[in-house]
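With the hints as a guide, bring both chains together as one complex.
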Amino acid sequence: MQSLGRPGGRPKDPELKKLLSEFVCVRVVQMWGIDLERFQIDRVMTWAVFFLNADGTIYGRYGTRSSMGQGSDSEISLAGFKQSMTAALDEHARFGKDPEATRKEVAGKQSVHKPRWARPEKIPTLARNEFNAKPFREFSDKPGLRAHGVGCIHGHMVQSAEIMSLRELGQPVPDRKVWPYPMPWAVGLHMEPETRSTIKRVVGNTVAEEAGLRAGDTIEKLDGQSILSTADIQWILHYAKDNAALKVHYTRGSEALESTLKLSPDWRQKLGDWRFTNLGICMQLAGFNGRPGKGGGKSLAIRVGLIHRKRLAGIDLKRNDVIVALDGKSESMNLGQLTRFLLDKKPGSELSVTRKRAGEETTTLRWKLHK
Amino acid sequence: MKGKFFRISVLFGAIWFFQTALVAQEESARLGGKALKEALKDTADDLWIYDDLKKAYAEGERTGKPVLVSFRCVP
Chain A
1 MQSLGRPGGR
11 PKDPELKKLL
21 SEFVCVRVVQ
31 MWGIDLERFQ
41 IDRVMTWAVF
51 FLNADGTIYG
61 RYGTRSSMGQ
71 GSDSEISLAG
81 FKQSMTAALD
91 EHARFGKDPE
101 ATRKEVAGKQ
111 SVHKPRWARP
121 EKIPTLARNE
131 FNAKPFREFS
141 DKPGLRAHGV
151 GCIHGHMVQS
161 AEIMSLRELG
171 QPVPDRKVWP
181 YPMPWAVGLH
191 MEPETRSTIK
201 RVVGNTVAEE
211 AGLRAGDTIE
221 KLDGQSILST
231 ADIQWILHYA
241 KDNAALKVHY
251 TRGSEALEST
261 LKLSPDWRQK
271 LGDWRFTNLG
281 ICMQLAGFNG
291 RPGKGGGKSL
301 AIRVGLIHRK
311 RLAGIDLKRN
321 DVIVALDGKS
331 ESMNLGQLTR
341 FLLDKKPGSE
351 LSVTRKRAGE
361 ETTTLRWKLH
371 K
Chain B
1 MKGKFFRISV
11 LFGAIWFFQT
21 ALVAQEESAR
31 LGGKALKEAL
41 KDTADDLWIY
51 DDLKKAYAEG
61 ERTGKPVLVS
71 FRCVP
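Protein chains in written order, with the numbering used here: chain A, 1 to 371; chain B, 1 to 75.
Don't read these hints as lab results, they were simulated from the structure.
Careful, some of the hints might be misleading.
[Said to hold, decoys possible] In silico lysine to aspartate or glutamate, DMTMM-like type, Cα no more than 25 Å apart, as pairs:
{"id": "1", "chain 1": "A", "residue 1": "K371", "chain 2": "A", "residue 2": "E168"}
{"id": "2", "chain 1": "A", "residue 1": "K200", "chain 2": "A", "residue 2": "E255"}
{"id": "3", "chain 1": "A", "residue 1": "K318", "chain 2": "A", "residue 2": "E360"}
{"id": "4", "chain 1": "B", "residue 1": "K55", "chain 2": "A", "residue 2": "D55"}
{"id": "5", "chain 1": "B", "residue 1": "K55", "chain 2": "A", "residue 2": "D90"}
{"id": "6", "chain 1": "A", "residue 1": "K345", "chain 2": "A", "residue 2": "D266"}
{"id": "7", "chain 1": "B", "residue 1": "K37", "chain 2": "A", "residue 2": "E168"}
{"id": "8", "chain 1": "A", "residue 1": "K262", "chain 2": "A", "residue 2": "D316"}
{"id": "9", "chain 1": "B", "residue 1": "K37", "chain 2": "A", "residue 2": "E194"}
{"id": "10", "chain 1": "B", "residue 1": "K55", "chain 2": "A", "residue 2": "E37"}
{"id": "11", "chain 1": "B", "residue 1": "K65", "chain 2": "A", "residue 2": "E360"}
{"id": "12", "chain 1": "A", "residue 1": "K356", "chain 2": "B", "residue 2": "E38"}
{"id": "13", "chain 1": "B", "residue 1": "K41", "chain 2": "A", "residue 2": "E15"}
{"id": "14", "chain 1": "B", "residue 1": "K55", "chain 2": "A", "residue 2": "E22"}
{"id": "15", "chain 1": "B", "residue 1": "K41", "chain 2": "A", "residue 2": "E168"}
{"id": "16", "chain 1": "A", "residue 1": "K18", "chain 2": "B", "residue 2": "E61"}
{"id": "17", "chain 1": "A", "residue 1": "K12", "chain 2": "B", "residue 2": "E61"}
{"id": "18", "chain 1": "B", "residue 1": "K54", "chain 2": "A", "residue 2": "D35"}
{"id": "19", "chain 1": "A", "residue 1": "K104", "chain 2": "A", "residue 2": "E37"}
{"id": "20", "chain 1": "B", "residue 1": "K65", "chain 2": "A", "residue 2": "E220"}
{"id": "21", "chain 1": "B", "residue 1": "K37", "chain 2": "A", "residue 2": "E22"}
{"id": "22", "chain 1": "A", "residue 1": "K17", "chain 2": "B", "residue 2": "D46"}
Chain B on its own, in the form it takes in the complex (with noise of 0.2 Å):
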């Protein structure tokens, strides 16, 4: 009985243990930069002008907004 009782303590505590280890990666993910680099990558293909600053900066006179120009290399 009191084996059973052990393995099954064991069993629940490595859940747990891993449940934990799993919300922190994902926590961490969410707050560092990693994050970040991946959001702009998924949420805003369709708004991006592609290696032409004269075109985004023309654009943007059109429209009156800002430009942001973001550098990153070929990924």
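Okay, chain A solo, but in the shape it has when bound (with noise of 0.2 Å):
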């Protein structure tokens, strides 16, 4: 029974706080300054952490956000995160015994690629912002300003501007910026947040099931990378190669199992996508955000949520309006789909709209994409 606390009655665990007083705990409250090669995780999350040694080495990371609003931390929790500290703590102590062969084991989970910027104000739309171009301390004093974060560079900003500044440079926009940092069950599984990486359920028909994993095997290492959390899963997934054959060790009870994640050429583009990132990007290329209905069918149908009214004045595109070809496409798309549409179209160029709207004729609108 855990006690109560201060007399707001949240619980106190002095089993977390031991664990906590192993380490030494920062808490960085905003991205300015921050090392973007180093600290690479999604960086649409409302919380992440990562466990490193002191000289910078990366033993693995922690923190999963699955979807907006409610549920979003929902494959998170109190005991799982104290058995990826632990672990953690184990990896530090093989580091003090044998370095060289530690750094090696964890060579997989720093940084393979360097980013395009080394810091979030480098990232031309981020500068151009008087906000973004000074640290956030010292607008933090300013009443009014801090409240609303003003100042203050978010991580989701991070993620956008990235895709944005790429897009005005004329460089092309990777797909694993568009669709970062996959869930496992990209790979047909679902882990268990309550404990380090077991797995909770493996979906049928996906290649999860082909290498014959089952719920509660435990993943050891995939890709040749311990994992401590399902953050690490997503760190190999979202530098993971189409067609990637992972190799995954597991424990099923008392038996060391292994097998092989074969991923499909496109495994990737079919994710679903929640992403408000991508939502927004869309609202600054096109001029209106929207959700694909759900349903999973063949044909596009994607209900418009947000209009920019200034810039699409004299456009008669409604909120409920169902988009339902693009360019004269009419297969359907997922919100990363579109997104990647919209990116791979020239800045300028014209987007021709088809809406339903009900007790109307379908109509097909034009416009021109943000430059």
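Encoded structure:
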């Protein structure tokens, strides 16, 4: 039974406190000045953790967000976090005994790709904003600004700004920026949040089922990297290539087993997506955003959400209109695919949008994309 | 008599329903990420260094402890 702490009634947790006291804990509350090469993680999260050595060697990551709104934190838990912390302490103990061997073992967890911009404030679209060009602390004591988070570079701003800046510079936007840090269910795995890396459920007809994985198995290593959390699985999937074959080492009871997850050519693009960053990019590029309809139909059905009134002035598009074709293409798209479609069009090029509205004939509208 | 029995049954049923709902809500909060974030806020205030990674690395070097970096927007 946990004792109650303050009169407010939040539970105290001595076990958590003891585990935290084994670490030097640092809380970073904004992204200004952060080394984007070292601290690579899903940026569209409200909370994320790195476990690392004082020399910067990363042992693992913790923190997973799977949706917007309620349930967005359903993939993390106190019990799971404690198990991940314990595993990180084990890695650190191994590092103490044999630093070189441990460095080799965790080499895959270090940043393998240099980001285009080393720090958030260097990303062109952020650098143009006067509040992002200086450290947060220069604004943080001004009443009103702090309350609204003005001057604070949030993680999700980095995610969107990298994409928009690459586009502005005419450089390709990799798919992993549009579908970042895939959830394990991309390969058919649902993880048990109360554990470090135990499988809760394996989806039928997926690569995980083909690999022979079962509920209750614990993933020890994936693609040669030890797994401290679901975030570590996402890290590996984030950089996994199409058609990749990822070796998985797992335990079933006391038995140590291994198998291979064979990814399909378009595994990433098939992922349904919830990211509001992609909604924001659609808005910036096309002047509207919207979510593809549910039901998994083969035809395009994007229900219009928000509209940029100024940009689409004179265009007869309203909230809740359903877009059934884009540039004449009527195949279904998920949110990531819509974002990809818009990013692949040239800045300033014409977009043709066919919309349906209750009680009216289907109409095709045209306007130009953001330059 | 029957009417009284019915009213008492409904009352006990309602109490049972609300109690079950409350327990389920508490259990869900305990298991989810919300409980984790609340526990972190509550138990470890004195352990955190704020916005100073250099200081954390130096402290890690000095004490031999690993470093835990938490990214969290200002609450």
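Outcome of the hint check:
1. Distance restraint check for K371 (chain A) and E168 (chain A): the Cα-Cα separation of roughly 8 Å lies within the 25 Å cut-off, and the hinted pair is therefore satisfied.
2. Proximity of K200 (chain A) to E255 (chain A) is assessed by CA-CA distance (about 18 Å); at most 25 Å being required, the pair is judged to hold.
3. Taking the CA atoms of K318 (chain A) and E360 (chain A), the gap is about 13 Å. The hint holds against a cut of 25 Å.
4. For the hint pairing K55 (chain B) with D55 (chain A), the CA-to-CA distance comes to about 12 Å; that is within 25 Å, so the pair holds.
5. Pair hint K55 (chain B) plus D90 (chain A) holds up; C-alpha atoms about 23 Å apart against a cutoff of 25 Å.
6. Only pairs whose Cα atoms come within 25 Å are accepted, and K345 (chain A) paired with D266 (chain A) is accepted, the gap being roughly 20 Å.
7. For the given pair, K37 (chain B) sits about 38 Å from E168 (chain A) by alpha-carbon distance, which is inconsistent with the 25 Å threshold.
8. Of the supplied pair hints, the one linking K262 (chain A) and D316 (chain A) is violated, its CA atoms being roughly 46 Å apart against a limit of 25 Å.
9. The suggested pairing of K37 (chain B) with E194 (chain A) holds, with an alpha-carbon distance near 14 Å, which does not exceed 25 Å.
10. The straight-line distance between the Cα atoms of K55 (chain B) and E37 (chain A) is roughly 19 Å, inside the 25 Å bound, and the hint therefore holds.
11. At most 25 Å may separate the alpha-carbon atoms for a hinted pair to count; K65 (chain B) and E360 (chain A) exceed this at roughly 67 Å.
12. The hinted pair formed by K356 (chain A) and E38 (chain B) fails the criterion: a straight-line CA distance of about 46 Å is larger than 25 Å.
13. Our distance criterion of 25 Å between C-alpha atoms is met by K41 (chain B) and E15 (chain A), whose separation comes to about 14 Å.
14. The hinted pair formed by K55 (chain B) and E22 (chain A) meets the criterion: a straight-line CA distance of about 16 Å does not exceed 25 Å.
15. For a cut-off of 25 Å, the pair hint linking K41 (chain B) to E168 (chain A) is broken: about 40 Å separates their Cα positions.
16. With a CA separation close to 20 Å, the supplied pair K18 (chain A) and E61 (chain B) stays within the 25 Å bound.
17. The straight-line distance between the Cα atoms of K12 (chain A) and E61 (chain B) is roughly 29 Å, outside the 25 Å bound, and the hint therefore fails.
18. Our distance criterion of 25 Å between C-alpha atoms is met by K54 (chain B) and D35 (chain A), whose separation comes to about 12 Å.
19. Among the hinted pairs, K104 (chain A) with E37 (chain A) is consistent with the structure: their alpha-carbon atoms are about 19 Å apart, no more than 25 Å.
20. A hinted pair counts as satisfied when its Cα atoms are at most 25 Å apart, and K65 (chain B) with E220 (chain A) qualifies at roughly 24 Å.
21. Between K37 (chain B) and E22 (chain A) the CA atoms are separated by roughly 19 Å; this keeps the pair inside 25 Å, and the hint holds.
22. As the CA atoms of K17 (chain A) and D46 (chain B) are separated by approximately 10 Å, the hinted pair is consistent with the 25 Å bound.
Hints 7, 8, 11, 12, 15, 17 from the earlier list are contradicted by this structure; the remaining hints agree with it.
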